[in-house]
Amino acid sequence: MSAARPQAAGTPQSLALWSNEPKRPGPIATAMEVWQYRRFVNFLGAKSFRKLYARTILGWTWVLVAPLFPVLMNLLVFGVLVGMTSEGIPYFLFLMVGNLAWEFFASALMWSTRGLEMHRKVIDQVYVPRVILPIATMTPAVFTFLINVTVTVCVVIYYWVTDGTPYVSIGWNTLWSVASLALIVSLVLGIGMFTSVWGETARDARFTMGNAVLIWFLMTPVLYPTSQVPVEYQKWLVLNPMASFVEAFKYGFFGTNPPDPMRFAIGAAIAVGVLAAGLVFFAWRSEIEETAVA
Amino acid sequence: MAGAAVAVHKPAKWVLTKDHGFHPVARVKEAWRYRRLVAFFASQAFSSLYKKTQLGILWVPLRPLVPLLIGTVVYGGLMNIPSTGVPYFLLLTVGFLAWNCFDGPWMWGSRGFELNRDLITKLYFPRMILPLSTMVPGFVEPTVNLAVALTAFIYYRVHEGVWYIQWGPRLLLAPLFLLAILFLAFSLALATSLYQVRARDVRFIIGYFLGFWMYLTPVIYPVTLIPLQWRWLVWFNPMAPLVEEFKAAIFGFPRPPAWALPLALCEIAVVFAAAFWHFHVMESHTADKV
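Those protein sequences? They're chains A and B, same order as listed.
Take the first sequence: its letters are residues 124 to 417, numbered as in my numbering.
Take the second sequence: its letters are residues 22 to 311, numbered as in my numbering.
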């Protein structure tokens, strides 16, 4: 590793930086260690990508195309056939923005669940702080998100030209989008800490999460606006942090239908709590695994 | 002992010779001689369904239940799709039973070469066996759907006192429609398995394709939902008359127009002939290029 850092090569400090020493316990030491190994995020992220589209002819092009099919399908079924209402915004745009937040959550969750299983060979051969694996495998989800953002911008421009109004209002309300994205990351990582440990040895984790994400999707107001949820079920939405995040994310874009701040705060507390619990669980499991190998 | 060994081997019968020209009957006869391989490849593909899981074989009946439940809630509950006199759950289960004879077997059969990549470069056997035998894991979903449908029929008989099954001679035709659907799946798998071994793209494309195809076929909705002036168009999709005939045979719904089923069968025959011939041209190539 020291050879890869030419500016520091040969100096005693750089040697000390990469020497093997007993792992320091505690969350701060682990966070520092993760930062030290940050380049592995690129490496493992690229590896996940290669595995996803290995032995295909289109290769990278799939990354661009694949996120669009589910949206088009939902547009066809729920927008055209069902004629779902969308609070005065064209349904396609409404769906794209909701999908932006949801798809990031869903694909990041599926990927981080596979983190340890996909890169087991790497951890067998070199020392990497294990917690980096579920984080790094989220990379494809980030790319999917960027593609979806690009498509959404095109859709906004289309409506701007045809309808004369972009429907989007960017301003202080956009902070809600940023905040909900950050909380989604925290929620995904929290859940991923549990499921990746489970998924390392059992494919059950993938099957279960696949079905759970599908059911969760239908319970989250992505295809339909929150106002469409029957009144007697509205109070249960508080239990689903993703409902608050998707709602706040949409508010950040459109500036209409502000989210319920109390519900958002509870969602945020759940997300942060899950992340904390996940990190503690993961640290405990890693310690067991690492001592077992040694 | 020696006599028995000679009798078992029958050496003259197993000489490998170069195949000149296109002999479809000889092809099928040859595949029949190797029929015992079907069980081998099928069991291999089947066990890959639940390899490395904690629940093991329990996943096999569990997984098909989720789409049924979600479908009932979303299509029947939220979207309120009409179900022409039978409970929506039954309509959906019977529709999925027919549709899953198509999508699962096609997807799995298409993986025939890909899953046995190592063997085809080393051994000779009629390659047609591969897409045929890897279709087997795809039979799980229709089987589970059938069990669910039977349970639901009995449930409604007990609770509502109504048999939603139309008892009669037409019911005997129902399995034949499923066979026709399976045959279409096999024909398509023959063609696509050749490409899938070289390009995994094929699998993604088939997946998306099937997603759209299902909405074009009256699976989750009754065909009467389509306006009358457009309905004739639906019957050109070979899956539509088969699924609709299947539902008609079970529930006693009005049947599709008389020309629809023969048209579908002709389409399937054309697809099979084209796929079989294409398979014949390509298979030796493909084995070399894996």
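Do not rely on the hints blindly, as some may be mistaken.
Think about it this way: if two alpha-carbon atoms lie no more than 30 Å apart in a straight line, the pair counts; the simulated DSBU-like pairs of lysine-lysine are [unchecked claim]:
(1) A/K170 x B/K50
(2) A/K358 x B/K73
(3) B/K73 x A/K170
(4) B/K72 x B/K143
(5) B/K143 x A/K174
(6) A/K170 x A/K146
(7) A/K358 x B/K72
(8) A/K244 x B/K50
(9) A/K244 x A/K146
(10) A/K244 x B/K72
(11) B/K73 x B/K143
(12) B/K50 x A/K174
Among the chain B residues that face chain A by a calculated CB cut under 7 Å, a handful are [claimed, not checked]:
(13) K73
(14) T74
(15) Q75
(16) L76
(17) L86
(18) P103
(19) Y216
(20) A220
(21) R221
(22) D222
(23) I226
Since the hints were derived computationally from the structure, they do not count as laboratory data.
Using N, Cα and C, we set each Cβ at its ideal position, and we do this for glycine too.
Hint check results:
1. A/K170 x B/K50: Violated. A/K170 to B/K50 sits at ~46 Å, over the 30 Å cutoff.
2. A/K358 x B/K73: At roughly 40 Å apart (the allowed maximum being 30 Å), B/K73 and A/K358 break the hint.
3. B/K73 x A/K170: 23 Å, holds
4. B/K72 x B/K143: Answer holds: B/K72 to B/K143 is near 25 Å, not above 30 Å.
5. B/K143 x A/K174: Measuring from Cα to Cα gives roughly 26 Å; hence the hint holds.
6. A/K170 x A/K146: 26 Å, holds
7. A/K358 x B/K72: It is violated: about 41 Å lies between the C-alpha atoms, which goes past 30 Å.
8. A/K244 x B/K50: 46 Å, violated
9. A/K244 x A/K146: 21 Å, holds
10. A/K244 x B/K72: 19 Å, holds
11. B/K73 x B/K143: Status holds; Cα separation ~27 Å.
12. B/K50 x A/K174: 40 Å, violated
13. K73: 5 Å, holds
14. T74: 5 Å, holds
15. Q75: 5 Å, holds
16. L76: 6 Å, holds
17. L86: 9 Å, violated
18. P103: Given a least distance of 13 Å, the restraint on B/P103 is violated.
19. Y216: Since chain A brings no Cβ nearer than about 9 Å to B/Y216, farther than 7 Å, the hint is violated.
20. A220: With a closest approach of 4 Å, the B/A220 hint holds.
21. R221: Because about 5 Å separates B/R221 from the closest Cβ in chain A, which is inside the 7 Å limit, the hint holds.
22. D222: 4 Å, holds
23. I226: With a closest approach of 9 Å, the B/I226 hint is violated.
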